[in-house]
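Undergrad: Heads up: the sequence shown at position 7 corresponds to 7 in the UniProt record's numbering, and the numbers run straight through without jumps.
Rather than coming from a laboratory, the hints here were simulated on the basis of the structure. Everything numeric in this text was worked out from a predicted model, so none of it was measured. A portion of the hints provided could be inaccurate.
No farther apart than 25 Å at their CA atoms in a straight line, the calculated lysine-lysine pairs in the DSS-like style are these [what the hints assert, rightly or not]:
# : residue 1 : residue 2
1 : Lys134    : Lys116
2 : Lys236    : Lys199
3 : Lys100    : Lys134
4 : Lys236    : Lys108
5 : Lys199    : Lys100
Just the calculated beta-carbon pair ranges, DEER-fashion [as the list claims (entries may be wrong)]:
#  : residue 1 : residue 2 : range
6  : Ser186    : Lys236    : 49 to 59 Å
7  : Gly131    : Leu194    : 34 to 44 Å
8  : Arg191    : Lys100    : 31 to 41 Å
9  : Gly210    : Gln158    : 46 to 56 Å
10 : Gly151    : Gly176    : 42 to 52 Å
11 : Gly151    : Arg191    : 32 to 42 Å
12 : Leu174    : Leu93     : 27 to 37 Å
13 : Glu94     : Gly131    : 47 to 57 Å
14 : Gly176    : Gln98     : 29 to 39 Å
15 : Ala170    : Asn92     : 38 to 48 Å
16 : Ser186    : Asp207    : 44 to 54 Å
17 : Gly109    : Arg41     : 20 to 30 Å
18 : Ala175    : Trp222    : 21 to 31 Å
Idealized CB from N, CA, C, for every residue including glycine.
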Amino acid sequence: MPTSADFHHDPLRRRLLTAMALSPLLFSLPSRATDLPDITRIAALEWLPVELLIALGVMPQAVADIHNYNLWVQDPRLPDSVIDVGQRTEPNLELLQQLKPSLILLSKGYGPSPQKLQPIGPTMEFGFNDGSGKPLTVGKNSLLQLAQRIGLEARATQHLQQFDAFMLEARNRLAGYRQQPLLLFSLLDPRHVLVIGQKSLFQEVMDQLGIENAWQGETNFWGTSVVGIERLATIKKCASDLSRSW
């Protein structure tokens, strides 16, 4: 059983708190198969479902683009036993067919369509953002949906309970920072920054922590906006010891 200490290194927790990069997520019911899939033969063709699987204690049989997964995601590193099935956008369908996966997990709108994969095996797809502006909630629902599909509901419930406990602990620990807004941005070049605001994953996390976002300007579908660096000078005073370039 995972401990509170283990949870600090949990892949879903890292995705939810630091990635722009874990996601109800949009999903589709499996195209076929009514029984629970064999969890030792699940293929994940995008990294989001990889992390959802690992959060449930399941190591996928096959993953697309393992080299870049280990380069960008890093933790947890996939073991050598996991089979690389090629690029995320164009996986090796012949190899995938030879593996006879019990379930193929996708990210919505990324890579081959469920229809193209249907002859190989049942599919389930996820989307990081459903337009609700609540990607953290989307991620929790996605984890529950995957857990239900593979028969691991108890693990998902336990994982989310640990996550909620972690967030409550963090909210209390960061109580002293609520007096000043927090600015999240990434320096793109000497003249432009990517600021993070409403509708982003970070925004929902900050809302739960009770921390105000210093950026109250426009954002796109993903909750970000590219602006001239001079715009930062117009933002009201923020927590200088927390603001950083990502």
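Undergrad: For which of the previously enumerated hints does the structure constitute a violation, in increasing order of number?
TA: 1, 3, 4, 5, 6, 7, 8, 9, 11, 12, 13, 14 and 16
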